[in-house]
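Q: Spelled out, the chains give:
Protein chains: 2
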Amino acid sequence: MRNMNEKQQLANNHISVDCVVIGFDGERLKVLLIKRAGEENGEIFHDMKLPGSLIYMDEDLDEAAKRVLFELTGLKNVHLTQFKAFGSKDRTKDPKDVHWLERAMSMKVERIVTVAYLSLVKIDRALNRGLEEYQAEWVALPDVKALAFDHNLIIREAMAFIRQYVDANPAALFDLLPRKFTALQLRRLYELVYGNPIDVRNFHKKIALMGYVMPLDEREQGVAHRAARYYRFDKKIYNKLRR
Amino acid sequence: MRNMNEKQQLANNHISVDCVVIGFDGERLKVLLIKRAGEENGEIFHDMKLPGSLIYMDEDLDEAAKRVLFELTGLKNVHLTQFKAFGSKDRTKDPKDVHWLERAMSMKVERIVTVAYLSLVKIDRALNRGLEEYQAEWVALPDVKALAFDHNLIIREAMAFIRQYVDANPAALFDLLPRKFTALQLRRLYELVYGNPIDVRNFHKKIALMGYVMPLDEREQGVAHRAARYYRFDKKIYNKLRR
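Here the protein sequences come in this chain order: A and B. Sequential numbering of the first sequence, starting at 16, is according to my numbering. Sequential numbering of the second sequence, starting at 16, is according to my numbering.
Next up, chain A with everything else stripped away, as it sits in the complex (with noise of 0.2 angstroms):
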């Protein structure tokens, strides 16, 4: 828990905030998570979990979820959606979890509702000054291991809930992907959020039908194949076309 300013009062011990950030690299979802170490029947383990924390006495919990993401993984600026409250009495039924957590926050530990945001955001250069400082990483979505408490059910959940956030707001889904994307880019981020494959010549047909997706008179540089059309998301045509 590094940063964790020990002078501040937590409002109690049941109610956590945790926060989803998924990003695309062009071939792959990612989610931030961060590195856990504990001990536990004498032993020393090593695993992941979401960033996330209990919440202070004095902030709301939109606050708690910033507040946390910073402390824990340096991002800030970053856009963060509450998509649902995670309350299961088995939550902690893990002592590993439990124990960590105590030792961590040096309190007793019992039944904890965590609130869980989600963040869609661009894994860019910026983005990526100093997560190794703060033990946190970008895992790939089918490499994700066994978490801490129930994060990897949140993280099923964080997906389920992206589906019908882009369903009802298609422009969230350039928020993964850089300000130029090809089409295949763009392809391969609907077959990622959609878990299915796509036709590459209804996907162009579907690209012509979008409006807000403007081709750029500008195409890969240096690659082998034969060199992309690059793509830009208009946000000004998005928002009157869905008026």
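Keep in mind that the hints were calculated from the coordinates and are not lab data. Any given hint could turn out to be false.
Where chains are identical, the list cannot tell them apart; a pair therefore holds if satisfied intra-copy or between any two copies.
Here are the simulated lysine-lysine pairs, DSS-like style, with alpha carbons at most 25 angstroms apart [to be verified]: (1) Lys104 - Lys91; (2) Lys255 - Lys220; (3) Lys108 - Lys50; (4) Lys195 - Lys160; (5) Lys250 - Lys91; (6) Lys220 - Lys195; (7) Lys50 - Lys64; (8) Lys255 - Lys50; (9) Lys123 - Lys104; (10) Lys221 - Lys255; (11) Lys137 - Lys111; (12) Lys220 - Lys108; (13) Lys160 - Lys64; (14) Lys221 - Lys195; (15) Lys45 - Lys251.
Start from chain A and add chain B according to the hints.
A: Chain B alone, transformed into the frame defined by chain A:
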């Protein structure tokens, strides 16, 4: 807190659930509230609140929501969807609310995060049976006065959630309508959910385009005006069209 089994152990005094149950009487959207009486500064007060309660040790959030709704209103077999957690530090700033809850629960109350659930139901005779006995009442949304805690905010956010939800799942609207409904009722419902008047003629075109709203060979009976045709929602066709 009628029917509250005092032998049940509360998980803690920090986590509650609240249920926003919305119905449509053909004219107006209504929310199911329960009456509250308390004493503050030696004065008796009467107001209303959402059906809600702290959670028990042995129950998950979804279970708590179901239990609370049944205990406080008699409703069961109602589909509840979690839509947002409310955890502002200002939620419990009104001493009236804190004192009332402390008396009701016989415990000290501090910061409480509440997980809010939403249900869209048909207001029919079966549903209304026994509501009075429970001190529960349907209140039209424009008539809702200042409620306990942040319950006015929770209802506002529920309405915003409904709009988004109906955009993604148009079928949800039909949960609010009787099995047979008129075009006027459906239009009125759209107007209330989206907060905009809808042109009658455009709306009839819209219904024709819906595919899953089927005209019946049946009309209203015993009305002073020209008897309107009934329609019904066809879930099978809806599912086929949406696939």
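Q: For each hint, tell me whether it holds in the structure or not.
A: Against the structure, the hints:
Proximity of Lys104 to Lys91 under the C-alpha cut-off of 25 angstroms is restricted to the inter-copy arrangement: shortest distance 22 angstroms between copies versus 32 angstroms within a copy. Taking the shortest alpha-carbon separations for Lys255 and Lys220, both the intra-copy value of 21 angstroms and the inter-copy value of 23 angstroms come in at or below 25 angstroms. Taking identical chains as interchangeable, the C-alpha atoms of Lys108 and Lys50 lie at most 25 angstroms apart only when both belong to the same chain, with a minimum of 20 angstroms there against 38 angstroms between chains. When the C-alpha separation of Lys195 and Lys160 is checked against a cutoff of 25 angstroms, the pair qualifies neither within a copy, at 32 angstroms, nor between copies, at 51 angstroms.
With identical chains, the CA atoms of Lys250 and Lys91 are at most 25 angstroms apart within one copy only, with a shortest distance of 23 angstroms there and 45 angstroms across copies. For the homomeric pair Lys220 and Lys195, the shortest alpha-carbon distance inside one copy (19 angstroms) is at most 25 angstroms, but the shortest distance between copies (40 angstroms) is not. Taking the shortest alpha-carbon separations for Lys50 and Lys64, only the intra-copy value of 7 angstroms comes in at or below 25 angstroms, while the best inter-copy value is 43 angstroms. Taking the shortest Cα distances, Lys255 and Lys50 never come within 25 angstroms of each other, neither inside one copy (43 angstroms) nor across copies (45 angstroms).
Within a single copy, Lys123 and Lys104 get their C-alpha atoms as close as 16 angstroms, and across copies as close as 22 angstroms, so both meet the 25 angstroms cut-off. Proximity of Lys221 and Lys255 under a CA criterion of 25 angstroms is satisfied in both settings, with 19 angstroms inside one chain copy and 22 angstroms between copies. In this assembly of identical chains, Lys137 and Lys111 lie within 25 angstroms of each other by CA distance neither inside one copy nor across copies; the values are 33 angstroms within and 46 angstroms between. Taking the shortest Cα distances, Lys220 and Lys108 never come within 25 angstroms of each other, neither inside one copy (50 angstroms) nor across copies (55 angstroms).
Taking the closest pair of Cα atoms, Lys160 and Lys64 come within 25 angstroms of each other only inside a single copy of the chain (10 angstroms); across copies the shortest separation is 44 angstroms, beyond that limit. Proximity of Lys221 and Lys195 under a CA criterion of 25 angstroms is satisfied intra-copy only: 18 angstroms inside one chain copy versus 38 angstroms between copies. In this homomeric assembly, Lys45 and Lys251 never come within 25 angstroms of each other (Cα to Cα): the closest approach is 28 angstroms inside a single copy and 37 angstroms across copies.
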